[in-house]
Amino acid sequence: MNDTTVTDSPASPALKLKKRSRDPVLTQRLAFAFLFLSTLLIIVPVGLIIVQKGLPGITWQFLSDIPRQGMRSGGIFPAILGTIYLVSGAIVFALPIGLLSAVYLSEYARGNFLTRLIKLAIVNLAGVPSVVYGLFGLALFVTFFKFGASILSGALTLGIMILPIIITASLEALESVPHSFREASRSLGASRWQTIRYVVLPNAISGIITGTILGLGRAAGETAPILFTVAAFYLPQLPGSIFDQVMALPYHLYVISTQVPNVDEKIRYGTALVLLAMVLFMNLAAVVIRCRFRKKKKW
Amino acid sequence: MRKLKEFVIEKLILFCGLASIFFVVLIFLFLLKEGLAVFKTVTPPQFLFGKSWYPISEPPHLGILPLILGSLMVTLGAALISIPIGVACAVYIAEVAPLKIKEILKSGIELLAAIPSVVLGFIGMVTLVPWIKSIFHLPTGLTALSGAVMLAFMAMPTIVSIAEDALYSVPKTYKEGALALGATHWQAIHRVILPAASSGIMAAVMLGIGRVIGETMAVMMITGNAAVIPHSILQPVRTLTATIAAEMGEAVVGSEHYFALFAVGIVLFVISFIVNVGADLFLHKKEQ
Numbered sequence: 001m002n003d004t005t006v007t008d009s010p011a012s013p014a015l016k017l018k019k020r021s022r023d024p025v026l027t028q029r030l031a032f033a034f035l036f037l038s039t040l041l042i043i044v045p046v047g048l049i050i051v052q053k054g055l056p057g058i059t060w061q062f063l064s065d066i067p068r069q070g071m072r073s074g075g076i077f078p079a080i081l082g083t084i085y086l087v088s089g090a091i092v093f094a095l096p097i098g099l100l101s102a103v104y105l106s107e108y109a110r111g112n113f114l115t116r117l118i119k120l121a122i123v124n125l126a127g128v129p130s131v132v133y134g135l136f137g138l139a140l141f142v143t144f145f146k147f148g149a150s151i152l153s154g155a156l157t158l159g160i161m162i163l164p165i166i167i168t169a170s171l172e173a174l175e176s177v178p179h180s181f182r183e184a185s186r187s188l189g190a191s192r193w194q195t196i197r198y199v200v201l202p203n204a205i206s207g208i209i210t211g212t213i214l215g216l217g218r219a220a221g222e223t224a225p226i227l228f229t230v231a232a233f234y235l236p237q238l239p240g241s242i243f244d245q246v247m248a249l250p251y252h253l254y255v256i257s258t259q260v261p262n263v264d265e266k267i268r269y270g271t272a273l274v275l276l277a278m279v280l281f282m283n284l285a286a287v288v289i290r291c292r293f294r295k296k297k298k299w
Numbered sequence: 001m002r003k004l005k006e007f008v009i010e011k012l013i014l015f016c017g018l019a020s021i022f023f024v025v026l027i028f029l030f031l032l033k034e035g036l037a038v039f040k041t042v043t044p045p046q047f048l049f050g051k052s053w054y055p056i057s058e059p060p061h062l063g064i065l066p067l068i069l070g071s072l073m074v075t076l077g078a079a080l081i082s083i084p085i086g087v088a089c090a091v092y093i094a095e096v097a098p099l100k101i102k103e104i105l106k107s108g109i110e111l112l113a114a115i116p117s118v119v120l121g122f123i124g125m126v127t128l129v130p131w132i133k134s135i136f137h138l139p140t141g142l143t144a145l146s147g148a149v150m151l152a153f154m155a156m157p158t159i160v161s162i163a164e165d166a167l168y169s170v171p172k173t174y175k176e177g178a179l180a181l182g183a184t185h186w187q188a189i190h191r192v193i194l195p196a197a198s199s200g201i202m203a204a205v206m207l208g209i210g211r212v213i214g215e216t217m218a219v220m221m222i223t224g225n226a227a228v229i230p231h232s233i234l235q236p237v238r239t240l241t242a243t244i245a246a247e248m249g250e251a252v253v254g255s256e257h258y259f260a261l262f263a264v265g266i267v268l269f270v271i272s273f274i275v276n277v278g279a280d281l282f283l284h285k286k287e288q
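In the order they appear, the protein sequences are chains A and B. Note that my numbering has the first sequence beginning at 1, numbered continuously upward. Note that my numbering has the second sequence beginning at 1, numbered continuously upward.
With the rest of the complex left out, here is chain B (with noise of 0.2 Å):
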């Protein structure tokens, strides 16, 4: 009887232990399922570098070229401000504060990784938007800028948290070396701490940078959503994700619309998994 209930336990965890895997393949099926019928009414490369997005017009235009470049701006601008700053943050509680502010500091980065994002996104519309607004002079705050700065800030606490371990396990055997040829602690940190560290720092950058494109409600609360093709950073843009987030109430079942949505959440789940499988191939290179 003992054996009996022990057997049934150990399969359950064995079941269990293979759900992330199922509930990955399902996530994929389940796009793939609702996503893939778009394709009948456009072929890949029209849906991927299409340069107008009227979903709802006759026929629909279904082209998410300006969706993508407007992704791209807004992560780009949020890696330029979060990657220099996260670094060197991170290298700072590594590296340089006293214990006591080190251990201030990192639970700080946890609450900050914490903040839900339409909070963010709410403190982005009443301070930054009209910020942006008035220094640059321009008709409307909710642009691309607005979008990348908020995006730093979550951003960052991930960056800062992975490369801060990637640092600290750097053995310190190396930078006693340095030190004992007459190096300063930053020459130390400079030439050899963060180069050692350089393949932990690159996986940290790619989680951020992760977690940036598959940001949502902030996004949508303060870049201005303009599905064209932007010129500038100081314009609205529209992403993929807030494409999605504030289309889907709309789009009636069964759709053109309904299927296109989802095939931009297959493009997502693409990005998201090219991003993650390489954070986590640097993240295997630091550990041999």
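Here chain A stands alone, though its shape is the one from the complex (with noise of 0.2 Å):
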């Protein structure tokens, strides 16, 4: 149809808009106006809210501290040590794997059917909702593997959670690396996977570290699939081993926020901020190593 419009018929197009528009110079004034306006509705920083109000409540003792008084008071150590424990958990089992697949994507896999399955599986992987998730790892990690709600299940759902966005990132950046390292590594006599280890992973390091963080991030941020997996409704003490169960902070922001009555706006807007700036500040330190490296680029 494209080609149509432009090749096959090249005037017709052109006489049709004589007719139609009086003022074609108003008309793309108007709509370069909508179309910034419609810019500018998105990027509406929408966590000035959060950061206006949350600021205040922001203290040393509030980050420290452990919740007390039913979460009406005290801080939210515990959800932030628990996010943190259950972020690692989910990158170290999902970074070899998806980055092992990434290598296979980018190295070995052919054009073939496969390949082609393979991709559409990640797709969906991505798309699953992340309820759906929750629902996975409640039957698989803690009814049958019987790992019951704790870290360790929480983690390894978080983990297939984020592993599409390490492997689409990385094969991102396997595939940015020029053919012409690959050959001259392998016409001086190393193996495949010499190759792989020496001369395409290390020129791919900082796409692999961009999109590692991504997932950090999202799994950072992400509450259902932690809802039955892992995720405490209110537990003051630090947890001892995997097999326990934590606070995490998305879902206590959940809980003060519509479970609990009566929660004082600072303790609730200081948690969002809270949230808001761990994920946030991922996601910049990505953009920022982004960009950095694509400016040292050799090739």
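For the record, the hints were derived by calculation from the structure and aren't laboratory data. Even glycine gets a Cβ: it sits at the ideal position worked out from N, Cα and C. You may find that some hints are simply not true.
Claimed, not checked - PhoX-like cross-link-like pairs, simulated, lysine-lysine; straight-line CA separation at most 20 Å:
no., chain 1, residue 1, chain 2, residue 2
1, B, LYS40, B, LYS51
2, A, LYS295, B, LYS102
3, A, LYS119, B, LYS285
4, A, LYS146, B, LYS33
5, A, LYS266, A, LYS53
6, B, LYS106, A, LYS295
7, A, LYS295, B, LYS100
8, B, LYS102, B, LYS40
As the list claims (entries may be wrong) - For the chain A half of the interface with chain B, some residues (derived, Cβ under 10 Å), not all of them:
no., residue
9, LEU30
10, PHE34
11, LYS53
12, ILE118
13, ASN124
14, LEU135
15, PHE136
16, SER185
17, GLN194
18, TYR198
19, ARG218
20, VAL260
21, ASN262
22, VAL287
Using the hints, put the two chains back together into the complex; each one sits in its own frame.
What follows is the structure, given as structure tokens:
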């Protein structure tokens, strides 16, 4: 269809245009103004509200204390720590699998049906609703493997969830390494794996780190997958092993904003701010790494 | 020795390459394993089109039509808001914005995509919900409309970034041809670039909608969670996702309620599968 408009009948669209719009310049201005407004509307910093109201609530005590009086006072330290545990666990599980999977797709896979199937599976894995991951984690890790509601179950569930993010980002990084690098290495007598290990991976490392950080950010912010697999409603002590339940920041925010009445506004906004800051900081870090790397690129 | 090591590593890589397929199949199998048991009590049509959802009454009523309609209403509302704005934003970024603004906007969109849904839900609760309550003089601001507006914010980053890719990948010669024929920049965008990128934009819209259907925390916090068939967008509704999240904590393992929630999970999985495969087909059409 596109080809017909442009190449086959080059005169007709321009003619039609003349008849329809009297003043194309005015139309263009209006249209661009609309486009700009739409863009602003999206970027309008929703976070401003949270920063403004949450900042007064952030004190050292808030960050380092356990919740007290049924979460109506005190701090959020166990929730922060729980989220850090979960995110680390998820990445320990997902990074090796994701990275090797990307290596397979970029270095070994041929353009056949299997490759197409793997790519389709990745797309689907990325699209599965987060609450379905929660169900899956409940059925497989909590019930079937009998891990119970624990850090282990939650971290594995989150790990599978961020797998597609890590694979996609690593794949992009690996594929951007020029082919000539590989050929040079192979012609020097290096084996396939040596080429990957000493030539391809070091040159793709910043892209892989970026993807990993994005995955971390996603895992830190998700609530639904940890609802039934790990998150504790109120647990004022710190976890002792990976088979313990923990509190987690996103679930804590959900609990104090909907389940517990009369929580001080400062605590709610403060919790939201800490979570938002954590996630956005990771994303900013990823953006910065990517930008710096792009400037340094030698090819 | 080295050969053996390489052999092992290469097999490991192949194994990991297949991991995605393995996990998708595993998720589906485990949903089936836990969810299919519900059809001992209700037939599939009763389950899908039953008009009442009272899972803990005796005997339980396990019809998910109100939930499907709730999801549909919120999703349609979010789509109506996010598609025009999102596509407009993509066009602005891809075609109109000066280079510097473009980079800032793209990073901004990426950051917006990263905001956790529970935070967006919280923002919706403290800002949008009271507004809607006072604007429409409702007894409660927890309505399908609130959910739709907030979900539009979640769909937009997806729509913008994928649509922008699609617009960017339209060959420059198309635009130059249009301009050479005397079209203004906007005419070139409207008549040439947009149609040329249409399949990529379709994919963007589908993936955006996919994200909306699967969204859980924000809708659970701001749509009011009433499992009744909605008659207007200003009523509380309950979506498929929110039902699972809200009720799984109380469902007894092995009860009909438990199985029914897994069956809802199957429905969600199938919907997201269709949406994603559809979007993938559109994207590949573009490549050819």
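Hint by hint, here is what the structure shows:
no.: 1; hint: LYS40/B <-> LYS51/B; result: holds, 19 Å
no.: 2; hint: LYS295/A <-> LYS102/B; result: holds, 18 Å
no.: 3; hint: LYS119/A <-> LYS285/B; result: holds, 15 Å
no.: 4; hint: LYS146/A <-> LYS33/B; result: holds, 16 Å
no.: 5; hint: LYS266/A <-> LYS53/A; result: holds, 7 Å
no.: 6; hint: LYS106/B <-> LYS295/A; result: holds, 18 Å
no.: 7; hint: LYS295/A <-> LYS100/B; result: holds, 16 Å
no.: 8; hint: LYS102/B <-> LYS40/B; result: violated, 56 Å
no.: 9; hint: LEU30; result: holds, 9 Å
no.: 10; hint: PHE34; result: holds, 6 Å
no.: 11; hint: LYS53; result: holds, 8 Å
no.: 12; hint: ILE118; result: holds, 6 Å
no.: 13; hint: ASN124; result: holds, 5 Å
no.: 14; hint: LEU135; result: holds, 4 Å
no.: 15; hint: PHE136; result: holds, 5 Å
no.: 16; hint: SER185; result: violated, 15 Å
no.: 17; hint: GLN194; result: holds, 8 Å
no.: 18; hint: TYR198; result: violated, 13 Å
no.: 19; hint: ARG218; result: holds, 7 Å
no.: 20; hint: VAL260; result: violated, 13 Å
no.: 21; hint: ASN262; result: violated, 15 Å
no.: 22; hint: VAL287; result: holds, 6 Å
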